[in-house]
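4 protein chains.
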Amino acid sequence: MTEPGRAGSNPTWLDATAIRDGDHYVINGRKWFTSSAEGAAFAIVMAVTNAAAPIHQRASMFIVPAGTAGYSVVRNIKVMGEAGEDWASHAETLFEDCRVPASARIGEEGAGFSLAQERLGPGRIHHCMRWIGICSRALELMGRRALSRELAPGQALASQQTVQHWIADSYAEIEAARLLVLDAARSVELRGQRAARVKISAIKYFTAGVLQRVLDRAIQVHGAMGLTDETPLAYWFAHERGARIYDGADESHKNVVARDVLRSLQ
Amino acid sequence: MTEPGRAGSNPTWLDATAIRDGDHYVINGRKWFTSSAEGAAFAIVMAVTNAAAPIHQRASMFIVPAGTAGYSVVRNIKVMGEAGEDWASHAETLFEDCRVPASARIGEEGAGFSLAQERLGPGRIHHCMRWIGICSRALELMGRRALSRELAPGQALASQQTVQHWIADSYAEIEAARLLVLDAARSVELRGQRAARVKISAIKYFTAGVLQRVLDRAIQVHGAMGLTDETPLAYWFAHERGARIYDGADESHKNVVARDVLRSLQ
Amino acid sequence: MTEPGRAGSNPTWLDATAIRDGDHYVINGRKWFTSSAEGAAFAIVMAVTNAAAPIHQRASMFIVPAGTAGYSVVRNIKVMGEAGEDWASHAETLFEDCRVPASARIGEEGAGFSLAQERLGPGRIHHCMRWIGICSRALELMGRRALSRELAPGQALASQQTVQHWIADSYAEIEAARLLVLDAARSVELRGQRAARVKISAIKYFTAGVLQRVLDRAIQVHGAMGLTDETPLAYWFAHERGARIYDGADESHKNVVARDVLRSLQ
Amino acid sequence: MTEPGRAGSNPTWLDATAIRDGDHYVINGRKWFTSSAEGAAFAIVMAVTNAAAPIHQRASMFIVPAGTAGYSVVRNIKVMGEAGEDWASHAETLFEDCRVPASARIGEEGAGFSLAQERLGPGRIHHCMRWIGICSRALELMGRRALSRELAPGQALASQQTVQHWIADSYAEIEAARLLVLDAARSVELRGQRAARVKISAIKYFTAGVLQRVLDRAIQVHGAMGLTDETPLAYWFAHERGARIYDGADESHKNVVARDVLRSLQ
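Protein chains in written order, with the working numbering: chain S, 1 to 266; chain P, 1 to 266; chain G, 1 to 266; chain R, 1 to 266.
Simulated from the structure, these hints should not be mistaken for lab results. None of these values were measured; they are calculated from a predicted model. Be aware that a few hints might be false.
Claimed, not checked - Here are some, though not all, of the chain P residues that point toward chain R, as calculated from beta-carbon distances under 10 Å:
#1 L14
#2 S35
#3 S36
#4 Q160
#5 Q161
#6 Q164
All C-beta atoms, glycine included, are put in the ideal place defined by N, C-alpha and C.
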């Protein structure tokens, strides 16, 4: 990043401000990883409206239409070497004295954090479902490759016990993730997102871990081909390394679960 | 083992014979790990009744009452250094020209293997349920220890992130195992044991793995105390190392699952 | 533990006191895991001589001959279910108004902690060397079992790729541990124990981890026999679970190493 | 890959042929992963000169100057989504009736395999050395990020025990790899490459494993920034996934080591 004085430091959600000015807000700030900003009709911005408020009531959310003066997409940030485009991109966006009407605010002033939380629960379940889909596909590719690749005439790679056990471990882990995710989704439905909070944290790191291991095994079974674009495995392996980071790093979600288990014992 | 010529080799289920003699069978063989033989009213013996039959139809099962001439409990085999006693023991048993009436045979001649299979499915589910109970108890002990043990005045062990993450990983893995086991049990009920065969194999190695990891973490949280008899953790850790071996080693069950996954792709 | 008010809590090295009384000290305290106390000619006791001193100068060390009034061996603590005896035991010892002459003190008053530290470095290297010996023996047993055990006539267990890879992983990890330990020992010799402190911490957790994994694999290769006393594997597996705990838990040694790496970057 | 009938299958070193024609050879074949072919002055080609010979004497090596008729660089194969260029690329190359003088042959006819083996030993040590360099750099980046990133004012990420333990584990594993590689290199020097064969196989999979784990931890410490091009970590993580595959997959090298250990016990 070239911005002076910020080298090595990406901004946090608390680094942008939206100052009330009559019936408008003036937004200033720089954002990283604004997913799908390129080509989007509008951006949703989280900005601090009251720096003196308690931390969870400091920020509000705003809709900023593309083309608003002062709003620009600086670049698509390369993720694992690829900038992507359109929907499949993550931009650095910049807000410089960007003025929007007060009606652009979503919900109450100060409601930004709680709005984000509300969206994040289902968002995390959605990611987990998506990862399970990727895992199932990767397991299938792993199996097909093991069956078709010959080590010697008549001896398929699938005859190797190591490959068989990668398949078996992947199968069990994917099934475990699937049942955990279904259980968390059911809990959201029956008892609400707040009550399902711990289950959602648990599936986030559990499933992201399964995803990484299954993709790693699938690539190993494919050998050098697994590194190329002949299969989607390399793309998933590189791009979904983020699964253990985005929407809350493994470590944060484990903290949540541990706190809850410990609280239940006190 | 003192038996000449067999040093370093435990007998397999095919090493005992039951030869028909009129309306009796004469059983000869040596068995290891006859669970709960000490004090039991009878033994169930699997022995080859027809060595020329296809492998899965070679053996039959017999009930041999304690006290039958030629049947003896040689010793309780030490498991992880403890011979145990009564119900909680695993004997070496010996059958020397042990004569039982033909009516002692369970089911048809040659049905031994399929009878064993029928019992093993539910037996494995039962083990998994038991292991999940142990895991839950171990997680509770881990948490309580983390809360009560002080590193310094006012600073509990539970404040250490490593301990928190062991708790979080254990929680997620135990929940995953619980849901997988329930799913396998439901499958047995709805579709029968044969159809649930792959699910049963998967829970066997998945849950045994969770068990070993959870116990290992719980001991580490307890420090030196975790090695003593002050908690049940040391007993479980040592005695349930067998979980990955008895009723089919991890490796065998993984072979079963892999074969099934691969077959579905052909 | 039966001591009222202490249930669930083993004493620390700061819990015993030695109060000066003329040219004697009067020692009170309870100790756990006093290795080889049974049958020993004397005990070495660490006790607080000045509770007001800085923490690392609070304690002194004393030699207490067996038979001294007020000193008793309460019991051998069961480690993984076995109390052991003599040299191979770890006692709970009790000091009740146990009076020793001032000449029984080792070194200066307040030198207890630094004396312990001096002994611990070489002691840890010694443990690592011992563990590597156990690992080498376990690898040999694993290999021999793999060669002699037949899955089917003419097909040895060693033909299984999973077993081969356990052997290969064990080989590489044992070699790595061996070279690390030699390097740490060389460093002690050339630069002194203090300078080698970080290397000693690193080999402690690295080698203890290798030990646990190698023993685990060796047992799995032996199947049910690996759980019995037919080989030394079960004894090692159970008794050396302590390797990751005694002489400083993994976690403490990792803290030491991390602090040093981080300091070098500041 | 677009070649009809070859979908999902990359060619092996046995798929190209070089047919003697007077004092020339005519080469036909398609190669994948020809490193640095783009812009290179010549290619070294391995091709079968005698299909009837024992497998290790079937192939010979040839130098084919760029510009030779019938030799073309088809494309740079994308590795983890990037085609690279020049030195840092891996091409698909094609040989169609490509005619070279017999003097282009390196060494004897049929010596291709043994020439490759001779180069591979030192080549693998070179890779391991390179990976250790990457690991050291990644550990430094991990530490610096942990020190500079604040979780809250005044509280650095380095205060998190999980991060500390990643640093400690990485330190020990990198040191272990370094000593193993030095030992293997010394062995090549003193006893020759053939004698060092097993050590070279062991460092190949051991070091590649360390590399993958260290990079994974370094990325996790960097969070979302670890996925971008702000540090070299993402590039290494993606591009060095191949480390466990190229110059012999982990699994092949483990087979070599296991065979050697087992042979020594017979």
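Exercise. Report holds or violated for the interface hint on S36/P, using the least CB-CB distance to chain R and a cut-off of 10 Å.
Key: violated (37 Å)
Exercise. Identify whether the interface hint at L14/P stands, where standing means a beta carbon of chain R within less than 10 Å of its own.
Key: For L14/P, the interface hint is violated, since the closest Cβ of chain R sits about 26 Å away, which is over 10 Å.
Quiz item: Quick one, is the S35/P hint okay against chain R at 10 Å, beta carbons?
Solution: Hint violated; S35/P Cβ to chain R Cβ min 33 Å, cut 10 Å.
Quiz item: Given Q164/P as an interface hint, is the shortest Cβ-Cβ distance to chain R below 10 Å?
Solution: It holds, given that the least Cβ distance between Q164/P and chain R is near 9 Å, below 10 Å.
Quiz item: Under the criterion of a CB-CB separation shorter than 10 Å, is Q161/P in contact with chain R as hinted?
Solution: This interface hint holds because 4 Å falls under the 10 Å limit.
Exercise. Would you check whether Q160/P satisfies its interface hint, that is, whether its CB is within less than 10 Å of any CB in chain R?
Key: holds (5 Å)
Against the hints set out earlier in the document, violations occur for numbers 1, 2 and 3.
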